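Trainee: Work out the full structure: start from the sequences and follow the hints.
So the protein sequences, as listed, match chains A and B.
Residue 64 in the UniProt record's numbering sits at position 64 of the first sequence, with consecutive numbering throughout.
Residue 517 in the UniProt record's numbering sits at position 517 of the second sequence, with consecutive numbering throughout.
Since the hints were made in silico from the structure, they are not lab data.
Note that the structure is a prediction, hence the values are computed from the model and not measured.
Just so you know, not all the hints are guaranteed correct.
What the hints assert, rightly or not - The calculated lysine-lysine pairs, modelled on DSS-like cross-linking and capped at a C-alpha distance of 30 Å, are:
hint, chain 1, residue 1, chain 2, residue 2
1, B, Lys430, B, Lys347
2, B, Lys253, B, Lys340
3, B, Lys170, A, Lys80
4, B, Lys340, A, Lys80
5, A, Lys27, B, Lys208
6, B, Lys227, A, Lys11
7, A, Lys27, B, Lys253
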Amino acid sequence: MLTHSRIQGQKGVQGIIIVNSEGIPIKTTLDNSSTVQYAGLIHQLVMKARSTVRDIDPQNDLTFMRVRSKKNEIMIAPDKDYFLIVIQNPSD
Amino acid sequence: LIKPADQLELTEAELKEEITRVLTANNPHAPQNIVRWSFKERTYKPILVIDQLAVHFVMEGSLVHQDSDEGRRQMAKEGHNSVMNLPFVGFPQSSPIEDRPDSSASKTDKKELKITNQFNFSERASQTLNNPLRDKSCHTEPPPRSNFSATATQWEIYDAYVEELQKQEKNKEKQKAIQTKENDDKSKKIMLMETQSNDVTKVGKAAKILERMVNQNLFDDIIQDFKYFEDESDEFRGQKGTLLPLWKFHYDKSRGLSVTALCWNKKYQDLFAVGMGSYDFNKQGHGMLVFYTLKNPSFPEYIYLTTSGVLCLDIHDQHSYLVAVGFYDGCVAVYNLKQKGAEPVYKSTAKTGKHTDPVWQVHWQNDDMDNNHNFYSVSSDGRVVSWTLVKNELVFTDIIRLTLNGVISEGPEGAQQPYIACGTAFDFHKQIDYLFLVGTEEGKIHKCSKTYSSQFLETYDAHSMAVDTVKWNHYHPKVFISCSSDWTVKIWDHTINTPVFTFDLNVAVGDVSWAPYSSTVFAAVTTDGTVHVFDLSINKYEALCQQSVVAKKTKLTHLEFNPIHPIIIVGDDRGYIISLKLSPNLRKEPKVRAVQSFQTRISADLQNYILFREDKVMPDIHYSGPTKHGRKQMAH
Numbered sequence: 001m002l003t004h005s006r007i008q009g010q011k012g013v014q015g016i017i018i019v020n021s022e023g024i025p026i027k028t029t030l031d032n033s034s035t036v037q038y039a040g041l042i043h044q045l046v047m048k049a050r051s052t053v054r055d056i057d058p059q060n061d062l063t064f065m066r067v068r069s070k071k072n073e074i075m076i077a078p079d080k081d082y083f084l085i086v087i088q089n090p091s092d
Numbered sequence: 001l002i003k004p005a006d007q008l009e010l011t012e013a014e015l016k017e018e019i020t021r022v023l024t025a026n027n028p029h030a031p032q033n034i035v036r037w038s039f040k041e042r043t044y045k046p047i048l049v050i051d052q053l054a055v056h057f058v059m060e061g062s063l064v065h066q067d068s069d070e071g072r073r074q075m076a077k078e079g080h081n082s083v084m085n086l087p088f089v090g091f092p093q094s095s096p097i098e099d100r101p102d103s104s105a106s107k108t109d110k111k112e113l114k115i116t117n118q119f120n121f122s123e124r125a126s127q128t129l130n131n132p133l134r135d136k137s138c139h140t141e142p143p144p145r146s147n148f149s150a151t152a153t154q155w156e157i158y159d160a161y162v163e164e165l166q167k168q169e170k171n172k173e174k175q176k177a178i179q180t181k182e183n184d185d186k187s188k189k190i191m192l193m194e195t196q197s198n199d200v201t202k203v204g205k206a207a208k209i210l211e212r213m214v215n216q217n218l219f220d221d222i223i224q225d226f227k228y229f230e231d232e233s234d235e236f237r238g239q240k241g242t243l244l245p246l247w248k249f250h251y252d253k254s255r256g257l258s259v260t261a262l263c264w265n266k267k268y269q270d271l272f273a274v275g276m277g278s279y280d281f282n283k284q285g286h287g288m289l290v291f292y293t294l295k296n297p298s299f300p301e302y303i304y305l306t307t308s309g310v311l312c313l314d315i316h317d318q319h320s321y322l323v324a325v326g327f328y329d330g331c332v333a334v335y336n337l338k339q340k341g342a343e344p345v346y347k348s349t350a351k352t353g354k355h356t357d358p359v360w361q362v363h364w365q366n367d368d369m370d371n372n373h374n375f376y377s378v379s380s381d382g383r384v385v386s387w388t389l390v391k392n393e394l395v396f397t398d399i400i401r402l403t404l405n406g407v408i409s410e411g412p413e414g415a416q417q418p419y420i421a422c423g424t425a426f427d428f429h430k431q432i433d434y435l436f437l438v439g440t441e442e443g444k445i446h447k448c449s450k451t452y453s454s455q456f457l458e459t460y461d462a463h464s465m466a467v468d469t470v471k472w473n474h475y476h477p478k479v480f481i482s483c484s485s486d487w488t489v490k491i492w493d494h495t496i497n498t499p500v501f502t503f504d505l506n507v508a509v510g511d512v513s514w515a516p517y518s519s520t521v522f523a524a525v526t527t528d529g530t531v532h533v534f535d536l537s538i539n540k541y542e543a544l545c546q547q548s549v550v551a552k553k554t555k556l557t558h559l560e561f562n563p564i565h566p567i568i569i570v571g572d573d574r575g576y577i578i579s580l581k582l583s584p585n586l587r588k589e590p591k592v593r594a595v596q597s598f599q600t601r602i603s604a605d606l607q608n609y610i611l612f613r614e615d616k617v618m619p620d621i622h623y624s625g626p627t628k629h630g631r632k633q634m635a636h
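Mentor: Okay, here's the thing in C-alpha cells:
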C-alpha cells in the first residue's frame with residue numbers, strides 16, 4: 001500500500017496535501033478552496049522556517065514541522081522538490 | 001428779390017425769426033441706430049460710434065505717380081523723356097575717377113537708378129509641390145521580460161558553492177571514466193525522465209517521516225508509557241512485577257501465518273525482524289520476512305515474501321543490513337536490506353548443499369580469515385552447516401553431523417547408517433568462539449566445538465521432548481538455559497551434567513530468553529498465551545511475573561528482549577507481535593558491591609545461587625558488560 005494512502009487511512013487524519021516546490025498543490029484529499037489556502041500559507045511558513053534553520057547553520061536543513069493548534073495539528077515534511085502536509089485531529 | 005413761384009410764403013415775423021443753423025460734421029444720412037450682434041454677449045448691441053463719412057464722388061483713376069516703382073518701370077519701358085534725361089546728363093561728364101556709385105550710376109544710366117528700399121520690400125515666395133506625407137510605423141515584439149527576485153542568505157550562498165563543488169567533481173569523474181556517446185545520451189534521457197515525472201512516489205522520504213509523525217500522534221499515550229511509565233504499584237507488590245502491553249504489530253497480508261522468529265537489530269534498536277511461517281506440518285505455504293520499527297506500529301518497514309515458510313532468522317551484529325534466514329524447505333538465504341529487491345542476495349539450492357529438512361536456527365558468526373561473512377545453520381537433517389558468503393555465492397561446510405549415539409563411526413564396512421539426530425536449536429558461546437550447543441529433537445543437548453566435527457564435547461540429557469531453545473547466559477560463561485515442549489525450562493552449568501534449576505510451567509514452553517541487562521533474569525513464553533519472567537536473584541522457584549498477554553487459544557511462539565529498552569516482544573501463532581514493558585521489579589540489576597568490579601560481581605552473584613556447587617572457586621574472568629548507555633537506559 002502506498003504510504004500516501006496509508007496515512008490517509010489512519011485515524012483522525014483530515015487530509016493530505018502534496019505541494020511542489022513552487023507552492024502549487026499537486027495532489028490533495030481536501031476540497032479546492034481549503035487546499036489552495038493551506039498550500040499558499042504553509043508554503044510561505046515552510047520557506048521561512050527553512051531559511052531560519054539554514055541561516056543559523058547552512059549545513060543543517062529542516063526535517064519536519066508540527067503546528068499544533070486547538071482544533072487540529074498540521075504536520076509538514078519537506079522533501080527536496082516537494083513537501084507533504086497532513087492535517088490530523090490528534091484528540092480522536 | 002425775385003421770388004420763385006413755389007417759395008414758401010411766410011409772415012414778416014416769421015421772416016425775422018432767427019433760426020440757428022449749426023454745421024456739424026455729422027452725416028445726416030448716416031444711420032443712427034445700427035445694431036450689431038455681439039457674440040460675446042449674445043445679444044444685439046447698438047453701435048455707438050457710427051461712421052459719418054459720406055462719400056460724394058469716387059472715381060477710379062489710372063494715374064500712377066511718376067516716382068513710384070510702377071511709374072518708373074513704365075517709363076523705363078517706353079523710353080526716356082527729355083525731362084528725365086536732363087539731370088543725368090550732368091553725371092557722365094564728371095571725372096571717371098569718381099566713386100563707384102557714380103560708375104554704377106553710369107551703368108544705370110541706361111537703366112534707372114536702383115535704390116535699395118529698406119521699408120518697402122516684397123517677399124517672393126513660391127509654393128513648391130509638397131510630397132504627400134506618409135506615416136509608417138513598425139511594431140516590434142518587446143523583449144521578453146521576467147521578474148526575478150531572490151534573497152541572498154547565507155545558506156543560499158553555501159548551496160551554490162556546494163553545487164559548484166559537485167559539478168567540478170563530476171567533471172573530474174567524467175574525465176577519468178571513459179564515456180562513450182551512447183552513455184551520455186542515455187544519461188541525458190534519464191535526466192529528462194526524472195525532471196518530467198511529477199510523480200507522487202517521489203515524496204517517498206517525506207511521506208515516511210509524516211507517517212511516523214501521524215503514528216506518533218495516534219499512539220501518543222503508548223509512547224509516553226513506553227518511555228516514562230514506571231509502575232509504582234510494584235513497591236506494594238512485593239517481588240512480583242507486571243508487563244505493560246504497549247504496541248501491537250500486525251500486517252494484513254500475513255494472515256494465516258504465525259510468528260516463527262524474532263530478532264532485534266543491534267544497531268538500530270527500535271527495528272526488529274519477524275519471520276513468518278507455519279509450524280504446522282500439514283499447512284505449509286508461503287512465508288514472509290517483515291521488519292517493524294517502534295516508530296511506526298501501523299505498517300512494516302520492509303516486507304519480503306518468500307515461497308516457503310520462514311523458520312528462523314538472525315541479523316548480523318555489525319552489518320545490520322544483512323539478515324540470514326532459514327526456511328521450512330531447508331534453504332537458507334541472506335537478504336540485504338540496503339538493496340532494493342524482493343529477492344535475497346544469496347540463496348542455497350539443492351546443488352549448493354541446502355538442508356533436506358527444515359532449518360531451525362541460523363546464527364551469524366564473526367568474519368572468517370578472508371573477511372567473508374559466514375553463518376551457521378542447524379536443521380532436522382542432523383547437520384550443522386557453516387555457510388560462507390564468497391563473492392556471489394554461498395559456500396557450505398558441514399561442521400558436524402548429529403547422531404543419536406554421539407559418535408560417527410568412520411567407514412565401517414556394511415555397517416548401518418548411524419541414526420541421524422534432528423537438531424532443533426543451537427547457540428554459540430558469547431566469549432568462547434568455537435564452543436556451541438545444539439539441542440535435538442530427541443531432547444538431548446550436545447556441547448560441540450567448531451573444530452571437532454566428529455565428536456561432541458559433552459551431551460546432556462535435557463528433556464523428554466524436543467529441545468525448542470537453548471541459550472547461553474550473556475554474562476556467566478558457564479550457564480545456559482533450555483526449554484522444551486515437555487513443559488520445563490532448565491538451567492545448566494556446562495560443566496555439570498544435570499540441570500542446576502528446573503522450572504515446570506505446566507504448559508509447553510515455546511521460547512526462553514535471557515535478559516541482556518542481568519545475568520539472573522530470563523523470560524519464557526508458553527503455548528497458553530502466558531509470559532513468565534523469572535529473576536533468580538530474587539526468587540529461585542517462582543516466576544516474578546506470569547501474565548497472560550493474548551486471548552485464550554492463541555499460542556505464543558517466540559520472545560525477545562530489546563537490547564536497550566526495557567521491553568520485550570512476543571510473537572504468537574496468529575501473526576501478531578505484542579510489545580510489553582517490563583515493570584521495575586522485573587528489571588532489577590544486581591547490586592554492585594564496592595570491592596569487586598561490576599563484571600565479576602554479576603557472575604559471582606549467579607554462582608552464589610548454585611548453592612551446592614559453592615566449593616568451586618570462581619576464576620576471575622573478564623568480559624564486557626552492558627555499555628554505559630545501556631545501563632542508563634535501564635536504570636530509569
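Trainee: Take the hints in turn and mark each one as holding or not.
Mentor: Tested hints:
1. Note on B/Lys430 and B/Lys347: the hinted pairing holds, with a Cα-Cα distance of about 27 Å set against a maximum of 30 Å.
2. About 20 Å separates the Cα atoms of B/Lys253 and B/Lys340, which keeps this hinted pair within 30 Å; it holds.
3. In summary, the hint linking B/Lys170 to A/Lys80 is supported, as the alpha carbons are separated by about 20 Å, within the 30 Å threshold.
4. Pair hint B/Lys340 plus A/Lys80 holds up; C-alpha atoms about 21 Å apart against a cutoff of 30 Å.
5. This hinted pair checks out: A/Lys27 and B/Lys208 have alpha carbons roughly 17 Å apart, not beyond 30 Å.
6. A C-alpha spacing of about 23 Å is found between B/Lys227 and A/Lys11, which places the hinted pair at or below 30 Å, so the restraint holds.
7. Taking the CA atoms of A/Lys27 and B/Lys253, the gap is near 28 Å; set against the 30 Å cutoff, the hint holds.
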